[in-house]
Amino acid sequence: MGKNSAIGWTHHTQNFWWGCTEVSAACDFCYARIFSERLGKAMWGTGQPRMRTSPNNWKEPFRWNRSAEKAGVPARVFCQSMSDFLDNEVPDEWRDEAWPIIRDTKWLRWMILSKRVGNAEKMLPTDWGPAYSHVGFMATIANQEEADRDIPKLLALKGNRQVTWAGISVEPMLGPIDLSKVFAEQRHLLSAADYADADKPGNCHAMYASAYALDLVIIGGESGDPTKVAIRKFDIDAARALKVQCEQNGIAVFMKQLGALPTSAGRRIVLKHKKGEDMAEWPQDLRVQQFPTALET
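Under my numbering, the first residue of the sequence shown carries the number 12, and numbering increases by one thereafter.
These aren't lab readings, by the way, just hints derived from the structure by calculation. Even for Gly, the Cβ is constructed at its ideal location relative to N, Cα and C. Honestly, I wouldn't trust all of these hints.
Below, in silico cross-link-like pairs of lysine-lysine (DSSO-like), each with a Cα-Cα straight-line distance of 27 Å or less [as the list claims (entries may be wrong)]:
1) K286 <-> K244
2) K239 <-> K267
3) K133 <-> K70
4) K164 <-> K254
5) K285 <-> K267
6) K286 <-> K254
7) K133 <-> K164
8) K254 <-> K192
9) K283 <-> K239
10) K267 <-> K283
11) K285 <-> K239
12) K133 <-> K192
13) K192 <-> K244
14) K117 <-> K164
15) K254 <-> K285
16) K267 <-> K117
17) K254 <-> K267
18) K267 <-> K286
19) K244 <-> K254
20) K267 <-> K164
21) K117 <-> K81
22) K192 <-> K267
23) K164 <-> K192
24) K244 <-> K267
25) K244 <-> K283
26) K285 <-> K244
27) K70 <-> K117
28) K286 <-> K239
29) K117 <-> K133
30) K70 <-> K81
31) K254 <-> K283
Restraint-style ranges between C-beta atoms, simulated for each label pair [as the list claims (entries may be wrong)]:
32) K117 <-> P187: 37 to 43 Å
33) K133 <-> A17: 31 to 37 Å
34) T238 <-> P141: 49 to 55 Å
35) D107 <-> G83: 30 to 36 Å
Starting from the given sequences, assemble the full structure and let the hints guide the process.
Quick look at the structure:
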């Protein structure tokens, strides 16, 4: 099975369109915006029209799907690396055309990563249901404020609309993140299962709680040239603390990179790889790249 993406946690990237508006601290040095500006494309910002990609590009998922089916191994697809699938400035009809492609490529494990996860509910297709069991949603979370604001929205989407899996991409990680509120809510839901309707299909503690649980956390530092832009530091100790939280609560962890400016105990760690992607340079306990079962089967 082929791979056309340099992003470690996916096999392919599919962009139905390009362009976005920056809405998060994680967007400050957006690689997609910088790349499009180099090409002279004005697609970024409020009111700027997004650019739809070519008809041939829209056919690519079917080719990947055939390849994955032939190999008998599902392929992961990061949806919209150059934009945001849930951007409310994208014409609704573009999403309406994209959803059937996503639905009909069953051998692809679609990873819809967004900084606007609160828009997901209103942007799901009218036929959302079991036909989309190979699709999951992720929210970009750069700091504690975003974690407190967006993770509850993500998990409500997962549980209320029967999304197969949900995760967060903590990249770039701009500060410590405490998930204790998330885990407290899961315990509350687990307890609430005692009082749920006994006739509810599939009613059991584990299933009820997992319906509102995180499945994957991707962690990474900021990449880029520190001599050209003010790359933010990546605190390895904060990353380690987040990893431990996930391990203690059964969440898959994928360490992507240490970034251009990794630090520990306030001191910079100098790496040979400019993006910090060489796992051989990482502390042993951070050499973890896991996926939930839903993304591997």
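Quick rundown of the hints versus the structure:
1. Note on K286 and K244: the hinted pairing holds, with a Cα-Cα distance of about 12 Å set against a maximum of 27 Å.
2. Straight-line distance between C-alpha atoms of K239 and K267 comes to about 23 Å, which keeps the hinted pair within the 27 Å bound.
3. Among the hinted pairs, K133 with K70 is consistent with the structure: their alpha-carbon atoms are about 26 Å apart, no more than 27 Å.
4. Straight-line distance between C-alpha atoms of K164 and K254 comes to about 22 Å, which keeps the hinted pair within the 27 Å bound.
5. With a CA separation close to 13 Å, the supplied pair K285 and K267 stays within the 27 Å bound.
6. Of the supplied pair hints, the one linking K286 and K254 holds, its CA atoms being roughly 20 Å apart against a limit of 27 Å.
7. Taking the CA atoms of K133 and K164, the gap is near 13 Å; set against the 27 Å cutoff, the hint holds.
8. In summary, the hint linking K254 to K192 is supported, as the alpha carbons are separated by about 16 Å, within the 27 Å threshold.
9. Between the alpha carbons of K283 and K239 the distance comes to roughly 18 Å, so the proposed pair stays at or under 27 Å and holds.
10. Distance restraint check for K267 and K283: the Cα-Cα separation of roughly 16 Å lies within the 27 Å cut-off, and the hinted pair is therefore satisfied.
11. Our distance criterion of 27 Å between C-alpha atoms is met by K285 and K239, whose separation comes to about 13 Å.
12. Pair hint K133 plus K192 holds up; C-alpha atoms about 26 Å apart against a cutoff of 27 Å.
13. A distance of roughly 25 Å separates the Cα atoms of K192 and K244; the hinted pair therefore holds under the 27 Å criterion.
14. With a C-alpha separation of about 26 Å, the suggested pairing of K117 with K164 holds against the 27 Å cut-off.
15. Proposed proximity of K254 and K285 is supported: the alpha carbons are some 23 Å apart, at most 27 Å.
16. In summary, the hint linking K267 to K117 is supported, as the alpha carbons are separated by about 26 Å, within the 27 Å threshold.
17. Note on K254 and K267: the hinted pairing holds, with a Cα-Cα distance of about 12 Å set against a maximum of 27 Å.
18. Only pairs whose Cα atoms come within 27 Å are accepted, and K267 paired with K286 is accepted, the gap being roughly 10 Å.
19. In summary, the hint linking K244 to K254 is supported, as the alpha carbons are separated by about 18 Å, within the 27 Å threshold.
20. A C-alpha spacing of about 24 Å is found between K267 and K164, which places the hinted pair at or below 27 Å, so the restraint holds.
21. For the hint linking K117 to K81, the alpha-carbon distance of about 13 Å falls within 27 Å, and the restraint holds.
22. For a cut-off of 27 Å, the pair hint linking K192 to K267 stands: about 25 Å separates their Cα positions.
23. Straight-line distance between C-alpha atoms of K164 and K192 comes to about 13 Å, which keeps the hinted pair within the 27 Å bound.
24. Taken as a hint, the K244 and K267 pair is honoured in the structure, with Cα atoms around 15 Å apart against an allowance of 27 Å.
25. For the hint pairing K244 with K283, the CA-to-CA distance comes to about 16 Å; that is within 27 Å, so the pair holds.
26. Taking the CA atoms of K285 and K244, the gap is about 14 Å. The hint holds against a cut of 27 Å.
27. With a C-alpha separation of about 14 Å, the suggested pair K70 and K117 falls inside the 27 Å cut-off, and the hint holds.
28. Using a Cα cut-off of 27 Å, the hinted pair K286 and K239 holds, with the two alpha carbons roughly 14 Å apart.
29. Distance hint between K117 and K133 is fulfilled; the C-alpha atoms sit about 23 Å from each other, no more than 27 Å.
30. Note on K70 and K81: the hinted pairing holds, with a Cα-Cα distance of about 17 Å set against a maximum of 27 Å.
31. Restraint check for K254 and K283: the C-alpha separation of about 24 Å stays at or below 27 Å, so the hint holds.
32. In this structure the supplied range 37 to 43 Å holds for K117 paired with P187, their Cβ-Cβ distance being about 39 Å.
33. In this structure the hint that K133 and A17 lie 31 to 37 Å apart at CB holds, the actual value being about 33 Å.
34. Look at T238 against P141: about 51 Å separates their beta carbons, and that is inside 49 to 55 Å.
35. In this structure the supplied range 30 to 36 Å holds for D107 paired with G83, their Cβ-Cβ distance being about 32 Å.
This entry satisfies every hint, going by the numbered hints stated previously.
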